[in-house]
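Novice: Hey, can you work out the whole structure from these sequences and the hints?
Residues in the sequence shown are numbered from 1 upward in steps of one, following UniProt numbering.
Calculated from the structure, these hints are not laboratory results.
Treat each hint with caution, since some may be false.
Taking lysine-lysine and the BS3-like style, the derived pairs with C-alpha atoms no more than 27 Å apart in a straight line are [unchecked claim]: (1) K174 with K24; (2) K138 with K114; (3) K174 with K191; (4) K53 with K42; (5) K191 with K138; (6) K235 with K212.
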Amino acid sequence: MPQDPFEKAQARFWAHFIEDKCFKAVFPVYTNTGEELNKAVKEAQETLKALEKALEGKNFFGGETIGYLDIVAGWMPYLIRMTEELAGVTVVDAGTLPLLNAWFDDFLDVDVVKSSLPPKDKLYAFNRARLEWALKLKHIEYEYVTEDLKNKSPQLLQYNPVEKKVPVLVHKGKPICESTLILEYIHEVWKNGCPLLPSDPHQKAVARFWSKFAEEKCLYSSFAVMSNVGEELKKAVEEFRITSRHWKDTWKERSSSAGT
1 MPQDPFEKAQ ARFWAHFIED KCFKAVFPVY TNTGEELNKA VKEAQETLKA
51 LEKALEGKNF FGGETIGYLD IVAGWMPYLI RMTEELAGVT VVDAGTLPLL
101 NAWFDDFLDV DVVKSSLPPK DKLYAFNRAR LEWALKLKHI EYEYVTEDLK
151 NKSPQLLQYN PVEKKVPVLV HKGKPICEST LILEYIHEVW KNGCPLLPSD
201 PHQKAVARFW SKFAEEKCLY SSFAVMSNVG EELKKAVEEF RITSRHWKDT
251 WKERSSSAGT
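Specialist: What follows is the structure in structure tokens.
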């Protein structure tokens, strides 16, 4: 933290901006597709442009070395790059946000940062895992093909030319993209094993509603808890509890209905 009172106040301002505005701007890039994804990328870039002012004439927010603000913003290079790979888009590059792009590279190249980063394959694993759960519940044999998201294969570009991202299920030569759509496809095509969706139309619609709720509201509120501190953390925890309560109330109602 800077010693000068004005610089200290500036650092606190930008720290709040990063934790509040930047996180809220970047998160929709992870959860959207199609035109909504393109819109989310542009909105994220507009928000991040303001952050470049804090990097003017410096390698790091702290000057020549990492400081308080670099640590606060430390989630951005890793998670934004990971989100770009998963979504198949570019949010930060030398053309759109040159100062932030250079800081991403410099920050990730610092030894203490490199040695502490979690392995990406574990962070990517969940999207893959839930599809594997579905395939195994249906007793379906499958071949899992690893994709290098930095150097996308011709097969991925062929099967998902629009979004250029994983996961993709290829069945009888035809591709199905996006994990929730793949889950519905597995349910519809393979009748053996455990059904993934209810047969009743209303219950099926309700399941789809809660699927979207989990993808958007629950994921966002849990990320907010992980990325905030102090008063913002308390606020994020309370919002997460409210979101979780919706789940609890819904399943309590379902349990009561099942018992009557």
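Novice: None of the hints should be skipped; say for each whether it holds.
Specialist: Tested hints:
1. At most 27 Å may separate the alpha-carbon atoms for a hinted pair to count; K174 and K24 exceed this at roughly 36 Å.
2. This hinted pair does not check out: K138 and K114 have alpha carbons roughly 40 Å apart, beyond 27 Å.
3. A C-alpha spacing of about 19 Å is found between K174 and K191, which places the hinted pair at or below 27 Å, so the restraint holds.
4. About 18 Å separates the Cα atoms of K53 and K42, which keeps this hinted pair within 27 Å; it holds.
5. Between K191 and K138, the direct Cα distance comes to roughly 8 Å. Compliance with the 27 Å bound is thereby established for this hinted pair.
6. With a CA separation close to 23 Å, the supplied pair K235 and K212 stays within the 27 Å bound.
Against the hints set out earlier in the document, violations occur for numbers 1 and 2.
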